[in-house]
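Peer 1: Given the coordinates of chain A, assemble chain B onto it according to the supplied hints.
Those sequence lines, one after another, are chains A and B.
For the first sequence, the positions run 1 to 115 when this note's numbering is used.
For the second sequence, the positions run 1 to 115 when this note's numbering is used.
It is worth saying that the hints were derived from the structure and are not from the lab.
The list treats identical chains as interchangeable, and a pair is accepted whether it falls inside one copy or across any two copies.
Taking lysine to aspartate or glutamate pairs in the DMTMM-like style, the calculated list, with each CA pair at most 25 Å apart, reads:
#1 K48 with D15
#2 K51 with D15
#3 K51 with D90
#4 K51 with E89
#5 K51 with D64
#6 K110 with D99
#7 K48 with D64
Number of protein chains: 2
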Amino acid sequence: MTDDQLSLTFAALADPTRRAILARLSTGEATVNELAEPFSISIQAVSKHLKLLERAGLISRGRDAQWRPCRLETAPLETASDWIQRYREDWRDRFDRLDQEIQTIQRREKGEDHE
Amino acid sequence: MTDDQLSLTFAALADPTRRAILARLSTGEATVNELAEPFSISIQAVSKHLKLLERAGLISRGRDAQWRPCRLETAPLETASDWIQRYREDWRDRFDRLDQEIQTIQRREKGEDHE
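The shape of chain A in the complex, shown without the other chains:
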């Protein structure tokens, strides 16, 4: 299930309009109309993106039937970010170790040169 949640999160982030919506919401709550304003797409299209973001847990919506303000939910973003960081770090650690080994070999070779 965690894998599925993570897939939903990444799929939701794989669209420039949805990322722009999340970027806007990171500055505060907004209604569908406010979110649609900066985009050259219809309110219907924005609503579709919002439904997908809501299903992925990246936004929640207020109960007021008329306005239903959208707000960012950061928990899935944290999980997604943690996933990326972990493997980036494994890879970097591996390179750091290789780098150290190369330096050790180079120092040894230099030492031999002086003999």
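Peer 2: Positioned in the frame of chain A, the structure of chain B alone reads:
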């Protein structure tokens, strides 16, 4: 174009098998056969995932026609991670500010209680 690259990265990450492949590659290079081993899917299916990961720039492949070892490329992961972190932080900062305001109000009210 940056947006497109970011969409490609997130779309590539939106699949548990592809994430497992990247996780495996974070420990070192591997051939298609080595990558297919832990999964109950065909080498053809793994190859398809690898093509998508390569197109997204998340892996590169060696030139040796027979083995073509795969290796992780972390640059797109860093861009993706930076994107997430940025908006998480904006949102957190916003909450921190709200929290400070609430504390200021509470302190003021407490002060008034003592009067």
